[in-house]
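There are 2 protein chains.
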Amino acid sequence: MDKSIFRKRIKGLRQNLARMDCDTAWIIQPENRRYLSGFRAEDSQITESSGSLLINESQSLLATDSRYTLDAERDAVDFEVQTLKKGLMEGLPGLLKRMGTKNLGFEGDYLTWVLHRELSERLLEDSPSVRLMPLNGLVEEMREVKDEMEIGTLEESADLMSGILDEVITGLGPGMTEKQVAWQIEGLVLESRAEGLAFPSIVASGPNSALPHAVPTDRKLEKGAPVILDVGLRLNGYCSDMTRTVFLGDPSPDFIEIYRTVREAQTAALKEVRSGVMSNYPDAVAREVINDAGFGDYFGHGLGHGVGLATHERPRLSPLKPTKLKKGMVVTVEPGIYVPGKGGVRLEEMVVIEADGPRILTRAGNFYDFAS
Amino acid sequence: MDKSIFRKRIKGLRQNLARMDCDTAWIIQPENRRYLSGFRAEDSQITESSGSLLINESQSLLATDSRYTLDAERDAVDFEVQTLKKGLMEGLPGLLKRMGTKNLGFEGDYLTWVLHRELSERLLEDSPSVRLMPLNGLVEEMREVKDEMEIGTLEESADLMSGILDEVITGLGPGMTEKQVAWQIEGLVLESRAEGLAFPSIVASGPNSALPHAVPTDRKLEKGAPVILDVGLRLNGYCSDMTRTVFLGDPSPDFIEIYRTVREAQTAALKEVRSGVMSNYPDAVAREVINDAGFGDYFGHGLGHGVGLATHERPRLSPLKPTKLKKGMVVTVEPGIYVPGKGGVRLEEMVVIEADGPRILTRAGNFYDFAS
Chain L
1 MDKSIFRKRI KGLRQNLARM DCDTAWIIQP ENRRYLSGFR AEDSQITESS
51 GSLLINESQS LLATDSRYTL DAERDAVDFE VQTLKKGLME GLPGLLKRMG
101 TKNLGFEGDY LTWVLHRELS ERLLEDSPSV RLMPLNGLVE EMREVKDEME
151 IGTLEESADL MSGILDEVIT GLGPGMTEKQ VAWQIEGLVL ESRAEGLAFP
201 SIVASGPNSA LPHAVPTDRK LEKGAPVILD VGLRLNGYCS DMTRTVFLGD
251 PSPDFIEIYR TVREAQTAAL KEVRSGVMSN YPDAVAREVI NDAGFGDYFG
301 HGLGHGVGLA THERPRLSPL KPTKLKKGMV VTVEPGIYVP GKGGVRLEEM
351 VVIEADGPRI LTRAGNFYDF AS
Chain Z
1 MDKSIFRKRI KGLRQNLARM DCDTAWIIQP ENRRYLSGFR AEDSQITESS
51 GSLLINESQS LLATDSRYTL DAERDAVDFE VQTLKKGLME GLPGLLKRMG
101 TKNLGFEGDY LTWVLHRELS ERLLEDSPSV RLMPLNGLVE EMREVKDEME
151 IGTLEESADL MSGILDEVIT GLGPGMTEKQ VAWQIEGLVL ESRAEGLAFP
201 SIVASGPNSA LPHAVPTDRK LEKGAPVILD VGLRLNGYCS DMTRTVFLGD
251 PSPDFIEIYR TVREAQTAAL KEVRSGVMSN YPDAVAREVI NDAGFGDYFG
301 HGLGHGVGLA THERPRLSPL KPTKLKKGMV VTVEPGIYVP GKGGVRLEEM
351 VVIEADGPRI LTRAGNFYDF AS
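Chains as they are written, first to last, in our numbering: chain L, 1 to 372; chain Z, 1 to 372.
Worth flagging that the hints you see were computed from the coordinates, not collected in a lab.
Fair warning: this is a prediction, and the values are worked out from it, not measured in the lab.
Check each hint, because a few of them may be wrong.
Treat identical chains as interchangeable: a pair holds within one or across any two.
Taking lysine-lysine pairs in the DSS-like style, the calculated list, with each CA pair at most 30 Å apart, reads [as the list claims (entries may be wrong)]: (1) K223 x K342; (2) K326 x K85; (3) K324 x K86; (4) K3 x K342; (5) K271 x K86.
Generate the whole structure from the sequences, applying the supplied hints.
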C-alpha cells in the first residue's frame, strides 16, 4: 500500500496528540495498530499481543517478540522494529525512557485493568515522572471517516462478498445443512482474492433464524422457512458485512408480512443515513416502522454500525450515544424482526455516506418484492 | 451436561469467594462464564458481551440482552436469566443492590480500564458502599485442573482432531495451496461431531513455516520443503490443539537435523511433564536440547500451554511465572525451530498429567523416525 497514506495518518495522530498534551501514544488495539503502521498480524487472544506501536513527535517504534519480527519488518516499513526478549511489560519502561516520554497515552477501551495496574507500578518504580493518560478512542475516531483508498477497498470487499453470496443463494436447496452452506461460503471466499472471512458466517434456518447471533448447526434447510445468511470477508484488511434472508419455496403469509416490514424499515432508514444527521435517527425511523407494524418487541438490536478494518466499529447506528454522521463514513443498515421459537428476518446493506446521500456498496439481487 | 458438575463448580467458587472476603463475583470472561454456567454464547468482540454472571452465596444471575435470552435460558439451567434493556452498565448497579453486594469481585485480566472506571463512577453515585476487588484469576485457576468429564471430552476432542489430521496428511500433494489444505481441514471438522475449529488452522509451507503464527496463503506445497499443520477443534466446548510437520518427498539433510532435534526436545520434555514439577522445567529441558544442537536462537516461544475451554489457558509451560504442575492438568508440549527465510519445524502433543506421568491424548501416526 502507498506509504504516503500511513505518513498522513501518523501526521494526523501527532497533531491530535499535541492537542491533548500527550507526547507518546502506545497503540495495542490490532486494528488501530494496522491503521497506523500497516502491520497485519492478528492477536490470537487479548492476552497475547503480536506487537505495540510507540509514536511520539519524531519516532515510530514497533515493539514485538521474535515470533513476529519478520512480519513486522515486512509490513510496517516506516517503523523501527524492536524485538523484545522478555515480554512487553519488561521492555516498555526502557523504550519509554529512550523516547523521553512524559505523558503516555494508552487505549483504555482495550487495555485490561490488570495490565494498566502492572504498567503503573513498573513506571512508578522505574520512571516515576511518566504519567498515564487514556487516549479516549482517538485512533478509533480517526478511523470513522474513510479516505478514498479505504472506500475503494470497502467497495471491492462488499462487491466480492455480494457475488459470492449470489452464487451461494442460487445453489441453496432443501436438505443442505446450515454448516454445509457456511463451509461452501468459506471455500468460495478462500478461492477469491480475499484474505479470508471477516467473521464466522451466520447461516440460520427455521427457528434458528430467531437468534440474531446463531451459529450454523446440522439443521437442514426446509421449504418455506426463512434462511438468514449474514456474511463478510476481509480484503486487504477491509471488511464487508451483509445479510440476506431467503425462502426456499413460498413463505407463509406471516413471514411475508415480517419480511415486508423489515424491508420497509430498511428502505426508510437508508434515506436518513446522510451527512449531518445524528446516528440515532435512522435507527428511530426503522424502529418506528417496525413498531407500527406491531413487531416492536422483536427488534432487539441496534440498526447498524461502522465497517472498516473491523467488522464492527464506530459509529453505532443505535439509540445509545448518538454522534453526527459524516461524509466518508461506511455503515451497515440492518433491521430485523425475530419471533422466538418461530423464526426471523434480517436484511443488511453496507453503505458509504456521500455528499448527496448514501450509496449502497452491497449488490442487490436477492431481495423479494412481495406484492402488498 | 450433568447439572451436578455446574453445582459443584459454583459451590467451589463460593468457598473461594468466602476465603477472599468477596461476597459477589461478576464473571464476563466467556470461558469462565461457560465453565460456571454452561452458557455457550461467544462474544463477537471484547466490547460486545453476550452476558455476565453474578454469583453470591445464595443467588446465581445471568444478565444478558434480548439477543441472547433464549440461548441463556436453554444453556444456563441453574441461573436466573435477567434481560437488560439498556445495557449492562446501566443495569448492573440495580442488580447489585438487589443482591445486597458489598464487595464485588471482577476479572481484572479481562475487564478493560474504561469499563472499570465507568462502573466505579456509577457505583460511587448509586451505591457508594460497594467496593470493587480483582478476582486475580480465581476462575482461571479453578479451570487449571480438569475433572473426569473434562478429561474425557478433551480426549475425544484430541482423538477426533487426530483422525482428521491423519486423513488430511495422507492426501497432501505438491501443488495444493496452504489455503486449500486449511479449507479441507475445516470441511472435515464441520462434517464431524465437533462444534467447529478451535482456532484458524495454520498450514505453513516452505519459508512460511519459519513464521510460528503463519496464516495460510496461496503458496503451493513443494517437494522436500516442510509443511507445518497446527490444528484444533472444539467439541462440547473443549479444544484440541496439535501440530505435525510433514515433508512431501525427502527433506534436505538440514531439515532432517532440525526435525530430529525438535523431536528429541519434545521427547525429553514430555518425560518431565509430571505432577509436582515446576512448569518452567520441561521448557528448560527442551530448550537445552535445542541449544546443544546449535539452534538456540531459533526457538522463540514457550514450550506449551494448558488447553481446555480455551485453546490457550493456564498453566503456561514457559520460562516465565513458573507454577507447580498437578495431576489433572491438560497441556501441550510443542517445541519448534524456525530459521528465518528458510523454514521451520514444530511438533505439538496434547497430554493429560496422571498420577504416574503424562498420557498423550493426540494420536501419533505422522512422526518421522529419521535414522541417526
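Structure-based check of each hint:
no.	hint	verdict
1	K223 x K342	within (14 Å within a copy, 54 Å between copies)
2	K326 x K85	between (44 Å within a copy, 28 Å between copies)
3	K324 x K86	between (44 Å within a copy, 21 Å between copies)
4	K3 x K342	between (52 Å within a copy, 28 Å between copies)
5	K271 x K86	between (54 Å within a copy, 27 Å between copies)
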